[in-house]
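Q: Sequence:
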Amino acid sequence: MSDQPNPRLPEDPTGSDQPHDVLAAEEFAMPVPSVGDIPPDPIHEPHDVLAAEEFAMPTGGVRSDGPGGLQPRTLIPSVILGGLIALLVLRRLRD
Numbered sequence: 000m001s002d003q004p005n006p007r008l009p010e011d012p013t014g015s016d017q018p019h020d021v022l023a024a025e026e027f028a029m030p031v032p033s034v035g036d037i038p039p040d041p042i043h044e045p046h047d048v049l050a051a052e053e054f055a056m057p058t059g060g061v062r063s064d065g066p067g068g069l070q071p072r073t074l075i076p077s078v079i080l081g082g083l084i085a086l087l088v089l090r091r092l093r094d
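According to numbering that gives the first Met the number 0, the sequence shown is numbered sequentially starting from 0.
Quick caveat, the hints were computed from the structure, so don't treat them as lab data.
Every value quoted in this text rests on a predicted model; they were computed, and no experiment measured them.
A few of these clues could be false.
As the list claims (entries may be wrong) - Simulated restraints on C-beta separations:
no.: 1; residue 1: G60; residue 2: G82; range: 26 to 36 Å
no.: 2; residue 1: L80; residue 2: E44; range: 47 to 57 Å
no.: 3; residue 1: G60; residue 2: A28; range: 52 to 62 Å
no.: 4; residue 1: P30; residue 2: G59; range: 45 to 55 Å
no.: 5; residue 1: D16; residue 2: P45; range: 49 to 59 Å
no.: 6; residue 1: D16; residue 2: F54; range: 54 to 64 Å
no.: 7; residue 1: A55; residue 2: S15; range: 35 to 45 Å
no.: 8; residue 1: T13; residue 2: A55; range: 58 to 68 Å
no.: 9; residue 1: H43; residue 2: R72; range: 47 to 57 Å
no.: 10; residue 1: S77; residue 2: F54; range: 34 to 44 Å
no.: 11; residue 1: D11; residue 2: A55; range: 50 to 60 Å
no.: 12; residue 1: A51; residue 2: A28; range: 50 to 60 Å
no.: 13; residue 1: F27; residue 2: F54; range: 40 to 50 Å
Ideal Cβ positions, reconstructed from N, Cα and C, are used throughout, including at glycine.
Working from the sequences, and respecting the hints, build out all of it.
A: Structure, rendered in structure tokens:
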């Protein structure tokens with residue numbers, strides 16, 4: 000890199016003002032195969048499946064097939080919260 004802010008670019012050696020830099024892909028294009036050159040797909044069922052559909056992650060909201068109804072361990076936070084509220088109310092009434 001040079002320390003100059005705008006280095007001077009070299010002049011065009013051909014001296015032509017017309018565009019002459021052509022991509023090799025345009026200059027030497029490969030022939031396109033015809034539809035008859037491609038063999039048909041041997042698998043008839045759909046098989047282009049996204050990995051997200053093939054190997055899906057389990058969701059958090061799925062219920063298990065366990066016993067229904069309320070379980071005692073789900074009531075523990077509610078009982079503790081209710082007890083704390085009752086203690087605070089009783090303490091306020093005594094003051």
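Q: State for each hint whether it applies.
A: Consistency of the hints with the structure:
The given range of 26 to 36 Å is respected by G60 and G82, whose C-beta atoms sit roughly 30 Å from each other. Separated by about 55 Å at the C-beta atoms, L80 and E44 satisfy the suggested range of 47 to 57 Å. For the hinted restraint 52 to 62 Å between G60 and A28, the CB-CB distance of approximately 54 Å keeps it satisfied. A beta carbon spacing of about 54 Å between P30 and G59 agrees with the range 45 to 55 Å that was offered as a hint.
With their beta carbons about 56 Å apart, D16 and P45 fall inside the hinted range of 49 to 59 Å. Between D16 and F54, the C-beta spacing of about 58 Å keeps the proposed range 54 to 64 Å intact. A C-beta distance of roughly 60 Å is found between A55 and S15, which places it outside the suggested range of 35 to 45 Å. Our hint of 58 to 68 Å for T13 and A55 holds, since their Cβ atoms are close to 60 Å apart.
The hinted window of 47 to 57 Å between H43 and R72 holds, with their beta carbons roughly 51 Å apart. Look at S77 against F54: about 38 Å separates their beta carbons, and that is inside 34 to 44 Å. Take D11 and A55: their Cβ atoms lie about 58 Å apart, and the range 50 to 60 Å holds. Against the hinted window of 50 to 60 Å, the Cβ-Cβ separation of A51 and A28 comes to about 37 Å, which falls outside the hint.
As the Cβ distance of F27 to F54 is approximately 43 Å, the hint placing it in 40 to 50 Å holds.
The structure shown violates the earlier hints numbered 7 and 12.
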